[in-house]
Amino acid sequence: MSGPAPGLAVRLGPLELPNPILTASGTFGYGLEFAHLADLERLGGIVTKGLSLTPLPGNPPPRVGEVRGGMLNSIGLQNIGIEKFVADVLPGLARYPARILVNLFGYEFDDYARLAARVDPLPGIAAVELNVSCPNVKRGGMEFGHDPELLERLVASVRRATGKPIAVKLSPNAGSPVAVAEAARSGGADILSAINTVLGMAIDPWTRRPRLHTNRGGLSGPAIKPIALRIVFDVARRVGLPVIGIGGVETVDDVIEFLLAGASAVQVGTALFRDPRAAEKLVAALPGRLAELGAVSAADLVGAVRPWGEA
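Counting from 328, one number per residue, gives the positions in the sequence shown under my numbering.
Where hints are given, some of them may not hold.
Unchecked claim - Label pairs and their calculated CB-CB ranges:
1) Met528 with Asp602: 22 to 28 Å
2) Thr541 with Glu619: 40 to 46 Å
3) Asp437 with Pro331: 45 to 51 Å
4) Met528 with Gly419: 36 to 42 Å
5) Ala414 with Asp602: 27 to 33 Å
6) Thr578 with Asn542: 30 to 36 Å
7) Glu360 with Phe436: 29 to 35 Å
8) Pro331 with Tyr434: 47 to 53 Å
9) Val623 with Arg564: 20 to 26 Å
10) Arg564 with Asp531: 40 to 46 Å
11) Glu476 with Glu368: 41 to 47 Å
Hints are computed from structural coordinates only; laboratory data are not their basis. Source: prediction; values computed, not measured. Where a beta carbon is used, it is the ideal one built from N, C-alpha and C, also for glycine.
Could you build all of it, start to finish, from the sequences and the hints given here?
Next up, the structure:
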């Protein structure tokens, strides 16, 4: 006689999720437009496409290109702006039990706090995720996520603007993701999301042109999973904040690997372009795999990796 199914509920600091499977920002729209393609009620959480203070058109095409092991993109953070999201999208999302995390970004320091203050009183938003890999035009293209001192001040300003849980999305292109993660913690972050896309490039040999109009773009998909696992492992062990693992999650064993490395939850991204139901399928598959591994819950595996050379 089989026992009870393993529990899927997880806690990320102050944020509780019914299961550890979320959608990644930029791969599932704002959530609502996928309601006819996927069962939003089964998801642990939906992370919206990045939102700015005003609408942005994004970069000119070509801005997406498939490569071996993943895809490159340079969408340029095209979005409808925070006001249209609040007025037209958020009311529809309220019909679904999935936790909504709004991904926020700005080109200037104060943009982040202004965005956080705008969503702070809204009950339909469970947390904010800060994309700190956008160029800051006032600093000559410097990325917030590469400067620990600046990032600490930025997160602190957002912390003063909102009482909602704050997740900071780490860049794998920073010199020391651990140092950046520690700065986010010092500024008041509750959660770390790791990782954003890896800077890459592809060239068409016939035209001799880069495949993206911006020449370089963000690489995502299975090719970056080993990089993501390494950063999750390092950050989870050294920083002490709950981590959401991102990067190449396609199978239930990918989910297990991230949990073992120290992530409390994962975000599914590029896989959703091929199958909009990829995330909910992982929710369905996870209890069986946990049972096979002898785990009583998803939380039971968080950080349970047994590194070589350690007791």
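Verification of the supplied hints:
no., hint, result
1, Met528 with Asp602: 22 to 28 Å, "holds, 27 Å"
2, Thr541 with Glu619: 40 to 46 Å, "holds, 44 Å"
3, Asp437 with Pro331: 45 to 51 Å, "holds, 50 Å"
4, Met528 with Gly419: 36 to 42 Å, "holds, 38 Å"
5, Ala414 with Asp602: 27 to 33 Å, "holds, 31 Å"
6, Thr578 with Asn542: 30 to 36 Å, "holds, 32 Å"
7, Glu360 with Phe436: 29 to 35 Å, "holds, 31 Å"
8, Pro331 with Tyr434: 47 to 53 Å, "holds, 50 Å"
9, Val623 with Arg564: 20 to 26 Å, "holds, 23 Å"
10, Arg564 with Asp531: 40 to 46 Å, "holds, 42 Å"
11, Glu476 with Glu368: 41 to 47 Å, "holds, 42 Å"
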